[in-house]
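Colleague: If you're matching positions, the sequence shown starts at 0 in numbering that gives the first Met the number 0 and goes up one per residue.
Derived by calculation from the structure, the hints in this document are not laboratory data. There's no promise every hint is true.
Once the Cα atoms are required to be at most 27 Å apart in a straight line, the calculated BS3-like pairs of lysine-lysine come out as [unchecked claim]:
1. K102 x K113
2. K67 x K163
3. K119 x K102
4. K155 x K67
5. K102 x K67
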Amino acid sequence: MMKRILLAVLAVSALTAGVVQSEESTPAKPVSEAVAKTEILNPGGIGGLESLRGSTELEDTRPADPMKHYPKDQGVIDNDYVYQPPLIPHTIRHYEVSLNANKCLACHSWKNAKEMGATKISVTHYVSPQEGQVLSDVSPSRYFCQQCHVPQADAKPLVENDFKRVSALQ
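Sequences and hints are given; from them, build the entire structure.
Modeller: Here is the structure:
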């Protein structure tokens, strides 16, 4: 069913883009004919586009990418751009961050950081973004650390880019 809907959308797109033409002198072609013609012009069914998944169809399961290499405890990592959330210099495998627990706060909370020898989380994490009110505990909008902070990985970029580190802008 999903494939038929996708093909119908492709057919309509092809008609509007002029890929499948309908002569004015003849009546409009039925959608099924346009779909068949679109399938011929687009045999892969992905519209000639390739996502980060590669050319794998949505319905297909492809093998997982190889695991990235995360160096063991490598110290503080310099930021690449202004206002970048700090990168995590250690493994976070098996860290639970859920509604019930946050393993990051066991070391990085203001209460535990000194004893654990860890960096304290920023005071901005204790401010409610809606009201600007200072809270006694981490703001719910800052509770899920991996929304912004990621471990440093030895991995090639997912897409080509010409990014320059902040130090290169001086």
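Colleague: Each hint needs a verdict: does it hold in this structure or not?
Modeller: Hint check:
1. K102 x K113: 16 Å, holds
2. K67 x K163: 22 Å, holds
3. K119 x K102: 14 Å, holds
4. K155 x K67: With a Cα-Cα distance of about 9 Å, the restraint between K155 and K67 holds, given a limit of 27 Å.
5. K102 x K67: Given that 27 Å is the threshold and the Cα spacing comes to 22 Å, the pair holds.
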